[in-house]
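Generate coordinates for the entire structure from the input sequences, incorporating the hints supplied.
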Amino acid sequence: MMIAAAANENSMSALIPDTFEKAAGIMLFDLETDQPPQFVTENLAQHIIDAQCEALLCGFIYDAQFFEAIAQAGVTRYLAGEMTVEEAVAAMDAYQLSMIPDYVGGPGCSGHGHEHHHDDCDGDCDACQHSE
Numbered sequence: 045m046m047i048a049a050a051a052n053e054n055s056m057s058a059l060i061p062d063t064f065e066k067a068a069g070i071m072l073f074d075l076e077t078d079q080p081p082q083f084v085t086e087n088l089a090q091h092i093i094d095a096q097c098e099a100l101l102c103g104f105i106y107d108a109q110f111f112e113a114i115a116q117a118g119v120t121r122y123l124a125g126e127m128t129v130e131e132a133v134a135a136m137d138a139y140q141l142s143m144i145p146d147y148v149g150g151p152g153c154s155g156h157g158h159e160h161h162h163d164d165c166d167g168d169c170d171a172c173q174h175s176e
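So for the sequence shown, the working numbering puts the first residue at 45; every next one is plus one.
Check each hint, because a few of them may be wrong.
Stated by the list, open to error - Quick list of simulated restraints, FRET-style, between CB atoms:
hint, residue 1, residue 2, range
1, 98, 68, 16 to 26 angstroms
2, 66, 120, 13 to 23 angstroms
3, 80, 134, 18 to 28 angstroms
4, 65, 120, 30 to 40 angstroms
5, 55, 151, 17 to 27 angstroms
Simulated from the structure, these hints should not be mistaken for lab results.
In this text, all values refer to a predicted model and were calculated from it rather than measured experimentally.
Glycine included, C-beta positions come from ideal geometry on N, C-alpha and C.
Have a look at this one:
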């Protein structure tokens, strides 16, 4: 399973910033092999798509164009800001990370600046309608 993680260095102990845009680049790695991670700093969305990543571990995303590109490619975005890459992978494997359904300021529920629990609305609120 190919994963991308927003980070400032190519290390599993690197901290994932609280927003995607604060990261120096992304680590691309396969959870099923011992291949060393690749670290890229340009054309991030294209690298994620070309590597066929299934998930991106990052902080909140403000860049609408980046968000739309990876969302259309079917990349699941997980909120992992302020965690190390290693902690985020473990939390993802344990189903403990929240998905990022939209970019901050987008039409859906980005989760930034408020708490929205889908149990509270039974999936029948405007934010839930946009994020499905």
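Requested in this report: Kindly confirm whether 13 to 23 angstroms is satisfied by the beta carbon distance between residue 66 and residue 120.
Outcome: At 21 angstroms between Cβs, range holds.
Query raised in the report: Would you say the C-beta atoms of residue 80 and residue 134 sit inside 18 to 28 angstroms of each other?
Result: About 19 angstroms separates the Cβ atoms of residue 80 and residue 134, which means 18 to 28 angstroms holds.
Query raised in the report: Is 17 to 27 angstroms a correct range for the gap between the Cβ atoms of residue 55 and residue 151?
Result: Between residue 55 and residue 151, where Cβ atoms are some 36 angstroms apart, the hint is violated.
Query raised in the report: That 30 to 40 angstroms hint for residue 65 and residue 120 (C-beta), does it hold up?
Result: The hinted range 30 to 40 angstroms is violated for residue 65 and residue 120, with Cβ atoms some 19 angstroms apart.
Query raised in the report: Taking the CB of residue 98 and the CB of residue 68, does the distance hold inside 16 to 26 angstroms?
Result: 23 angstroms, holds
The structure fails hints 4, 5 (numbered hints given earlier, in ascending order).
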